[in-house]
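Going line by line, the protein sequences match chains S and Y.
3 is the number of the first residue of the first sequence in the numbering used here; add one for each residue after it.
778 is the number of the first residue of the second sequence in the numbering used here; add one for each residue after it.
None of these hints come from the bench; they were simulated from the model.
Heads up, some of the hints might be wrong.
To spell it out: a stretch of chain S is covered by chain Y in this simulated footprint if at least three of its residues, at any positions, have a beta carbon under 8 Å from a beta carbon of chain Y; those stretches are [to be verified]: (1) 51-60; (2) 109-115.
Each computed BS3-like pair below joins lysine-lysine, with the alpha-carbon atoms no more than 30 Å apart [unchecked claim]: (3) S:K35 - Y:K1091; (4) S:K21 - Y:K969; (5) Y:K814 - S:K6; (6) S:K45 - Y:K843; (7) S:K40 - Y:K1124; (8) Y:K1143 - S:K45; (9) S:K21 - S:K40; (10) S:K35 - Y:K969; (11) Y:K782 - Y:K846; (12) Y:K782 - Y:K814; (13) S:K25 - Y:K801; (14) Y:K814 - Y:K969; (15) Y:K1144 - S:K35; (16) S:K40 - Y:K871; (17) S:K40 - Y:K1144; (18) Y:K801 - S:K45; (19) Y:K814 - S:K35; (20) S:K25 - Y:K982; (21) S:K45 - Y:K1081; (22) S:K35 - Y:K801; (23) Y:K969 - Y:K1078; (24) Y:K881 - Y:K843; (25) S:K45 - Y:K875; (26) Y:K819 - S:K35; (27) Y:K1032 - S:K40; (28) Y:K846 - S:K40; (29) S:K21 - Y:K874; (30) S:K25 - Y:K1142; (31) Y:K1144 - S:K21.
Note that the Cβ used here is the ideal one computed from N, Cα and C, for glycine as well.
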Amino acid sequence: MILKGRVIQEGFARGEVVKFDEKLIVLGDINPKDGTVKDIPVKGKILVFPRGAGSTVGSYTIYGLRYYDNAPAGMILEEAETIVAAGAIIAEIPTVDMVDISQIKNGDFVVINNGTVEIISSRPHTP
Amino acid sequence: MHLTKEEEHILDGKLGEGYARMMKILVKIGEIYGAEKLIPIKSAQISGVSYNTIGEYGLHFLRSLKGVKVSVPTTLNPLGFDSEHLSEMSVDEKFYKKQMEIIKAYLDMGIKPTATCTPYYYDNIPSFGDHIAWAESSAVIYANSIIGARTNREGAITALASAVIGKTPLYGLHLNENRHATHIIRTDFELKPVDFPLLGIHIGKIIDSGIPYFRIKGTQDDLKLLGAALAASGSIAMYHVENITPEWQNALIDKVEIINVGREDIEEHSDTVDGELYAIGCPHASPSELRIIAEFLKDKKIKKDAKLWIFTSKSVKREHQELVKIIENAGGVVFADTCVVVSNAGKIFSKIVTTSGKAKVYLQKKKFGGAKVIVVDIHTLLRSVVE
């Protein structure tokens, strides 16, 4: 399945989805030093969440993921506001928004190619 | 979004990588919010100054912009300490060194060596109708509401990008039609000075990001405390006060919601105003607040077991040295460049009395030390801190 969105930071990325259903408080939920979001590792993954919130200094936190070599391969959002958009650009993380993220599940394997997201394989529902 | 030839050139890297990145941020934010173009700004105010919040990586990013300069007058938010009063604030050596490296990175970009959340008193004074790109939330709401300048609530990075490019995307509060009131606040009681910050906390929780319209009477200092609390407890960037703020006459155009507030909604129930720290100056103290403090403290002494800390800008301090002297003679300390929220004050003291609703919103949080915070008016605070 191919989903279309809007390019925030251009680029190509592929990886396994780590998805959060609620908005992320960027300065607080993301720990750049150990590369986790709410204690879940995101390095090299495709980070999917609806939107960012909280202190506007949070753009630096996203840059911090890159600085500590813990950046996700890409990000997919419903709506990128100022904090996440500026963070994605300075951290150079391929990022696309205005995507219907309800189609994407935790553990899916997806490919971001600028403004498109292709779901290559869905995670099987058996444990 | 429509870009001029010159803007396209910058985006394509004709001025170098740093400028291209800054332009790209403005263009993307403009696209996200549906701006049709970029407009010139008169000044910028930048957050993301304390090493506590931007860390090693923030410093790395600022250094990576090597060679990039700001193109409009730009001021900085307060930092983690006042370098003339290090011992009072338990600043360790590493933090000091890193903080100074961040400041140097900003100064290398041509930013003014002043760190204040109230640049509008001396250092960076907008006029009515000026387009600006400011990031400090209490300064944003002051500039929009009391001065009638135009700024969105910028982020650390977007304010920096605007400072460098000298422009901001045309959307939000830069457009007249987005500056109308969304809510009328009906207060059925006469406001005392302490009610302004408390009302701000209350309304910020209720309407989060609208534009409230008040029918109240107060001084500019009262309104500064109201606005800072609105912006800290909610994401409010502008308000109107009937007969006082410059745009109130055009404020009631759209359909508005009415919110009734009684005194019992905002009143604090604290029987004592005993604290370890008594703090004034969040946002940084104005010349008139400094004068009230100095006039009260003439021939008086601060209680032995209490501390009176006043926070203001370097410029206010420099321009009113005689007032500073009176406060210091009474046993108070006047800090510049830092504040009760971004310094270690919240971690040093567990009971803080202040005039600021904004300080209360932050200092009660665990991350800032989780102190017990009592909000009182400036006269009550001063009466409680002297022998």
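Hint check results:
With a threshold of 8 Å between beta carbons, the proposed coverage of the segment 51-60 of chain S by chain Y holds, since 4 of its residues qualify and at least three are required. Check on the segment 109-115 of chain S: 0 of its residues sit with their Cβ under 8 Å from a Cβ of chain Y, so the three-residue criterion for coverage is violated. Straight-line distance between C-alpha atoms of S:K35 and Y:K1091 comes to about 35 Å, which puts the hinted pair past the 30 Å bound. For the hint pairing S:K21 with Y:K969, the CA-to-CA distance comes to about 49 Å; that exceeds 30 Å, so the pair is violated.
At roughly 25 Å between alpha-carbon atoms, Y:K814 and S:K6 fall within 30 Å of each other, so this suggested pair holds. Only pairs whose Cα atoms come within 30 Å are accepted, and S:K45 paired with Y:K843 is accepted, the gap being roughly 28 Å. Our distance criterion of 30 Å between C-alpha atoms is met by S:K40 and Y:K1124, whose separation comes to about 25 Å. With a C-alpha separation of about 28 Å, the suggested pair Y:K1143 and S:K45 falls inside the 30 Å cut-off, and the hint holds.
With a CA separation close to 11 Å, the supplied pair S:K21 and S:K40 stays within the 30 Å bound. Between S:K35 and Y:K969, the direct Cα distance comes to roughly 47 Å. Violation of the 30 Å bound is thereby established for this hinted pair. For the hint linking Y:K782 to Y:K846, the alpha-carbon distance of about 21 Å falls within 30 Å, and the restraint holds. Pair hint Y:K782 plus Y:K814 holds up; C-alpha atoms about 12 Å apart against a cutoff of 30 Å.
Our distance criterion of 30 Å between C-alpha atoms is met by S:K25 and Y:K801, whose separation comes to about 25 Å. For the suggested pair Y:K814 and Y:K969, the alpha carbons sit about 44 Å apart, so the restraint of at most 30 Å is broken. Distance restraint check for Y:K1144 and S:K35: the Cα-Cα separation of roughly 18 Å lies within the 30 Å cut-off, and the hinted pair is therefore satisfied. Restraint check for S:K40 and Y:K871: satisfied, since their Cα atoms lie roughly 28 Å apart, inside the 30 Å limit.
Of the supplied pair hints, the one linking S:K40 and Y:K1144 holds, its CA atoms being roughly 16 Å apart against a limit of 30 Å. The hinted pair formed by Y:K801 and S:K45 meets the criterion: a straight-line CA distance of about 25 Å does not exceed 30 Å. Between Y:K814 and S:K35 the alpha-carbon distance is near 38 Å, which puts this suggested pair outside the 30 Å criterion. In summary, the hint linking S:K25 to Y:K982 is supported, as the alpha carbons are separated by about 19 Å, within the 30 Å threshold.
For a cut-off of 30 Å, the pair hint linking S:K45 to Y:K1081 is broken: about 54 Å separates their Cα positions. With a C-alpha separation of about 27 Å, the suggested pairing of S:K35 with Y:K801 holds against the 30 Å cut-off. Restraint check: the Cα-Cα separation between Y:K969 and Y:K1078 comes to about 27 Å, which is no more than 30 Å; the hinted pair holds. Of the supplied pair hints, the one linking Y:K881 and Y:K843 holds, its CA atoms being roughly 12 Å apart against a limit of 30 Å.
For the suggested pair S:K45 and Y:K875, the alpha carbons sit about 27 Å apart, so the restraint of at most 30 Å is met. Between Y:K819 and S:K35 the alpha-carbon distance is near 37 Å, which puts this suggested pair outside the 30 Å criterion. Note on Y:K1032 and S:K40: the hinted pairing is violated, with a Cα-Cα distance of about 40 Å set against a maximum of 30 Å. The suggested pairing of Y:K846 with S:K40 is violated, with an alpha-carbon distance near 37 Å, which exceeds 30 Å.
For the hint pairing S:K21 with Y:K874, the CA-to-CA distance comes to about 39 Å; that exceeds 30 Å, so the pair is violated. Straight-line distance between C-alpha atoms of S:K25 and Y:K1142 comes to about 20 Å, which keeps the hinted pair within the 30 Å bound. Taking the CA atoms of Y:K1144 and S:K21, the gap is about 26 Å. The hint holds against a cut of 30 Å.
Hints 2, 3, 4, 10, 14, 19, 21, 26, 27, 28 and 29 from the earlier list are contradicted by this structure; the remaining hints agree with it.
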